[in-house]
Amino acid sequence: MENFEYFEPKTVQEAVGLLVKYKRAAKLLAGGTDLMLGMKEGFVQPRYLINLKTIKGLDKIAYSKKGGISIGSLTTWTAILSSGAILEHYPILREAASLIGGYQIRNRGTIGGNICHASPSADSAPALMVYGAQCVVSGPRRERVIPIEEIFSGAQKTSLKPGEILTGFRIPTPDPKSKGCYLKFSPRKAMDLPIVGVGALVRTSNGTFEEVKIALGAVAPTPIRARKAERFLVGKPVSDPSIRQAAEEAVNESRPITDLRASREYRLGLVRELTGQAITQSL
Amino acid sequence: MKTSKIRIKVNGEWHELTVPNQKTLLEVIRGDLLLTGTKRICDTGECGSCTVIMDGKAVNSCIVLAVEANGKEINTIEGLSQIGKLHPIQEEFVAKGAIQCGFCTPGMIMTAKAQPGPRDRLRRPLYRGPALSRDRCGLRRGHARGER
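So the sequences go chain by chain: F and S. Numbered by my numbering, the letters in the first sequence go through residues 337 to 619 in order. Numbered by my numbering, the letters in the second sequence go through residues 10 to 157 in order.
Some clues are possibly wrong.
Label pairs and their calculated CB-CB ranges [claimed, not checked]:
1. F:564 x S:101: 30 to 40 Å
2. F:402 x S:103: 47 to 57 Å
3. S:21 x F:350: 43 to 53 Å
4. F:491 x S:66: 26 to 36 Å
5. S:95 x F:492: 39 to 49 Å
No lab work stands behind these hints, which were simulated from the structure alone. Only a predicted model underlies this, so the values are computations on that prediction, with no experimental measurement involved. Just so it is clear, CB atoms sit at the ideal spot from N, CA and C, and this is done for glycine as well.
Construct the entire structure; sequences and hints are all you get.
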């Protein structure tokens, strides 16, 4: 690993100041479970490393029924898995968290780091998307809040502007009548990335789909919402043919690549299968 | 070379060191403190053989910077036995023959040590098996290099 200058800011403003000063030569360090690998391999060689873990309060979870939950970007997977509010109100996020890495990685890795690394296969992205999460972004100007879909701008790219830091997420309380799940397909049962990941959140009433959210991971340059499949299902009867057709719509809006993990065709097949399964399991 | 001064408590004893900023906690434990029970195998945070307990949590010391460990309490495999008496987890590993070559066993034991107790209602169901699996043995990295 190359040598670098190391900073431990105490406030978000201080970290923003360092980012503004050192620009692209600086990197933010959260859990380090992705960044450290890049630095060891030499893909990433920051001259200035800014450790966000020394900023108090960035790892807090706070829940209220009216306002929903706020999760600090430095919250580890272990902390997410230990949260009673997440267990009760956001089980899809909990499921995704439990499938990330191994025990040691979950003790270090953070939800904000996972999103800012912006891998198309980020396990937390589909869960955050179906829950309608908003990202809270601090920077040299005013704090801004953007939908989770808008933070991804490409593979390993975020829409964060120079000097901006993702400080946390706000997620409204889901309708208690809705149900959902996150399904991850990977060759190994643990410590693996998804070949395809599917999140679904569904509300039905009298045998009809009332609200449907579907999000897909690892099938496009960024995690995506399957909006055509969602629109197709709303108002349709809860039946096998409508679920099958929705899965087909999800396949049509996926743009997977062939890489060493799987071929494009295999991924499309998985989208069809997992989308159908995810909707069925969410009933 | 940019360096930092750190203070870490390892197995109950405080150490003060000046480390290059890019040095990992694993390199400090093995190289500076000469506690070589903690092993380096994959060196990418996957295999778990470098697991130590930092402020009560199991972490892969190969992907933790030494500067990040400043002020923290660290427990390694060397601190587990007391006055020549093995820790119950170590005794169980010996009794059940829970090793293959034994090289990565310290990581397994430290991971087991850090697991939440049975009374922790929320966390208990999360443990889905040992941190290390058979296809992650030390030869894996060598295989990968050979294939490249």
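Going through the hints against the structure:
Separation of residue 564 (chain F) from residue 101 (chain S) is about 54 Å and departs from the stated range, judged on CB atoms against 30 to 40 Å. Under the hint 47 to 57 Å, the C-beta atoms of residue 402 (chain F) and residue 103 (chain S), about 55 Å apart, fit the expected range. The given range of 43 to 53 Å is broken by residue 21 (chain S) and residue 350 (chain F), whose C-beta atoms sit roughly 34 Å from each other. Separated by about 31 Å at the C-beta atoms, residue 491 (chain F) and residue 66 (chain S) satisfy the suggested range of 26 to 36 Å.
Between residue 95 (chain S) and residue 492 (chain F) the beta carbons are some 46 Å apart, a value that agrees with the proposed interval 39 to 49 Å.
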